[in-house]
Amino acid sequence: MTMAPGLRKLSLTTHVATSVAWLGAVLAFLVLAIAGLTRRDELSVRAVYIAMDLVTRFVIVPLCLASLLSGIVQSLGTPWGLFRHYWVVIKLLLTVVSTALLLLHAQVVALLGRTAFAASFALGGLREARAQLVVDAAAAVLVLLVATTLATFKPRGALR
Amino acid sequence: MPRWVKVFAAFAVVLTAAFASLHLAGRGAGGHFPHAGAHE
Numbered sequence: 001m002t003m004a005p006g007l008r009k010l011s012l013t014t015h016v017a018t019s020v021a022w023l024g025a026v027l028a029f030l031v032l033a034i035a036g037l038t039r040r041d042e043l044s045v046r047a048v049y050i051a052m053d054l055v056t057r058f059v060i061v062p063l064c065l066a067s068l069l070s071g072i073v074q075s076l077g078t079p080w081g082l083f084r085h086y087w088v089v090i091k092l093l094l095t096v097v098s099t100a101l102l103l104l105h106a107q108v109v110a111l112l113g114r115t116a117f118a119a120s121f122a123l124g125g126l127r128e129a130r131a132q133l134v135v136d137a138a139a140a141v142l143v144l145l146v147a148t149t150l151a152t153f154k155p156r157g158a159l160r
Numbered sequence: 001m002p003r004w005v006k007v008f009a010a011f012a013v014v015l016t017a018a019f020a021s022l023h024l025a026g027r028g029a030g031g032h033f034p035h036a037g038a039h040e
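Line by line, the protein sequences give chains A and B.
According to our numbering, the first sequence holds residues 1 to 160 in order.
According to our numbering, the second sequence holds residues 1 to 40 in order.
Keep in mind the hints are simulated off the structure, nothing from the lab.
Note that the Cβ used here is the ideal one computed from N, Cα and C, for glycine as well.
Hints are supplied without guarantee of correctness; some may be wrong.
Stated by the list, open to error - Pair by pair, the computed Cβ-Cβ distance ranges are:
#	chain 1	residue 1	chain 2	residue 2	range
1	B	Ala10	A	Thr13	32 to 40 Å
2	A	Phe58	B	Arg3	12 to 20 Å
3	B	Val5	A	Gln107	32 to 40 Å
4	A	Leu111	B	Ala20	43 to 51 Å
5	B	Leu24	A	Phe121	26 to 34 Å
6	B	Thr16	A	Phe58	26 to 34 Å
7	A	Leu82	B	Ser21	30 to 38 Å
8	B	Met1	A	Glu42	19 to 27 Å
So that you can see chain A by itself, here it is in the shape it has in the complex (with noise of 0.2 Å):
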């Protein structure tokens, strides 16, 4: 099944637009992440949490599954296919780890952001969610990366 010329670009930019904003999202994730585990005064870092939960629910959250169910109608809607090309394969198997990860650990995001809205302010007890945080990101952005440098360069290999 092959999509027409204009439906398949205006998947492809949907694919390309989602994919690169779900990078760039967790890129500033990162950024409050790092925030959030050095900073000392309690009103940044409250803020920090509150904004990284908010970030994570409405912008990374959608961006992620937009990209992978983009991605997945677009392999399937021109001649790539999903389970062609070694590079196609390879970026499904890196997004559907991510976005798992990823929905996994929006519950620790969470736990964090209400734990900043509480009266009784307490993160220190949480200090090694915190800094799990900035590993996680770190490693996201890395993934994400290579998932672009595939599509990017889509090197070559077929399955058969």
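Chain A is fixed; fit chain B onto it per the hints.
Using the frame of chain A, we list chain B on its own:
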């Protein structure tokens, strides 16, 4: 299988193992939630 896929897979296995060991370490940067009695 192309050579680049084998090299990619080798790097992916090493990086995933490193990340998983850090992630599941329990203490340090790996823990998700505070341990009992953790105070700061």
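Hints and how they fare:
no.	hint	verdict
1	Ala10(B) with Thr13(A): 32 to 40 Å	holds (35 Å)
2	Phe58(A) with Arg3(B): 12 to 20 Å	violated (42 Å)
3	Val5(B) with Gln107(A): 32 to 40 Å	holds (34 Å)
4	Leu111(A) with Ala20(B): 43 to 51 Å	violated (22 Å)
5	Leu24(B) with Phe121(A): 26 to 34 Å	holds (29 Å)
6	Thr16(B) with Phe58(A): 26 to 34 Å	holds (29 Å)
7	Leu82(A) with Ser21(B): 30 to 38 Å	holds (32 Å)
8	Met1(B) with Glu42(A): 19 to 27 Å	violated (54 Å)
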